[in-house]
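J.: Chains as they are written, first to last, in this note's numbering: chain A, 315 to 429; chain B, 775 to 886.
Hints are computed from structural coordinates only; laboratory data are not their basis.
Quick reminder that beta carbons are idealized off the backbone N, C-alpha and C, glycines included.
Hints should not be assumed to be uniformly reliable.
As the list claims (entries may be wrong) - For each label pair, taking beta carbons as the anchor points, the in silico distance ranges come out as:
id, chain 1, residue 1, chain 2, residue 2, range
1, B, Asp847, A, Ser384, 27 to 35 Å
2, A, Gly342, B, Pro857, 30 to 38 Å
3, B, Asn836, A, Thr319, 24 to 32 Å
4, A, Pro354, B, Lys788, 26 to 34 Å
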Amino acid sequence: AQSVTQPDIHITVSEGASLELRCNYSYGATPYLFWYVQSPGQGLQLLLKYFSGDTLVQGIKGFEAEFKRSQSSFNLRKPSVHWSDAAEYFCAVGALTGTASKLTFGTGTRLQVTL
Amino acid sequence: NAGVTQTPKFQVLKTGQSMTLQCAQDMNHEYMSWYRQDPGMGLRLIHYSVGAGITDQGEVPNGYNVSRSTTEDFPLRLLSAAPSQTSVYFCASSYRGLPPAYFGPGTRLTVT
Numbered sequence: 315a316q317s318v319t320q321p322d323i324h325i326t327v328s329e330g331a332s333l334e335l336r337c338n339y340s341y342g343a344t345p346y347l348f349w350y351v352q353s354p355g356q357g358l359q360l361l362l363k364y365f366s367g368d369t370l371v372q373g374i375k376g377f378e379a380e381f382k383r384s385q386s387s388f389n390l391r392k393p394s395v396h397w398s399d400a401a402e403y404f405c406a407v408g409a410l411t412g413t414a415s416k417l418t419f420g421t422g423t424r425l426q427v428t429l
Numbered sequence: 775n776a777g778v779t780q781t782p783k784f785q786v787l788k789t790g791q792s793m794t795l796q797c798a799q800d801m802n803h804e805y806m807s808w809y810r811q812d813p814g815m816g817l818r819l820i821h822y823s824v825g826a827g828i829t830d831q832g833e834v835p836n837g838y839n840v841s842r843s844t845t846e847d848f849p850l851r852l853l854s855a856a857p858s859q860t861s862v863y864f865c866a867s868s869y870r871g872l873p874p875a876y877f878g879p880g881t882r883l884t885v886t
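Build the full structure now, drawing on both the sequences and the hints.
T.: Structure below.
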């Protein structure tokens, strides 16, 4: 069965500092991997996705993630965090068949940004 | 485009009551899905649909029914509410074969 682990429940960084959020997955085949962001009281927004090809994926809002098959990881990074990045971040793994998307989500990492 | 809309935003039910959570999208997406979000558990897939007239179960379908009579609408029905169904419910949509890219704002449901 597929699963996702986000080991950090809560992270605090200073504005302008770099950020790395960890994600480890378990999946029996080539994984499709995703990062979502959820602002307070809002639904989720897709930040970026990895299907195949280049293992460094660029997303919206200046985020990027790197797929490392040997480590079963898909960590999210940002060089310089802005106060507006404070939110909860979810990593997800899943299958995209021809007709359906069935994703398994991690439990999330809450990011706090101090000024 | 309104995107994905959900109603109501908040709802309180008594155990045993039934209700329908509404979800609509105006992007002509084939794929729609329902998730529930519980503290410390991330999002879990309840039911999904790949087009009008086609639905299937996700990870936690018990106690919920869905139907998809039109491309735009995907209501979630709670048949007999239980306290274990207290949660925040999100509807999502996407084009076929793509991950959920558009989520509604959620419905916070409390069952007493």
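J.: Could you tell me whether the CB distance from Asn836 (chain B) to Thr319 (chain A) stays inside 24 to 32 Å?
T.: Given range 24 to 32 Å: holds, Cβ gap about 25 Å.
J.: Does the hinted range 30 to 38 Å hold for Gly342 (chain A) and Pro857 (chain B) at CB?
T.: 35 Å, holds
J.: Could you tell me whether the CB distance from Pro354 (chain A) to Lys788 (chain B) stays inside 26 to 34 Å?
T.: Check passed, 28 Å falls within 26 to 34 Å.
J.: Range hint 27 to 35 Å: satisfied by the CB atoms of Asp847 (chain B) and Ser384 (chain A)?
T.: This hint is violated: roughly 45 Å between Cβ atoms.
Figure legend: structure checked against the earlier numbered hints; the only hint not met is number 1.
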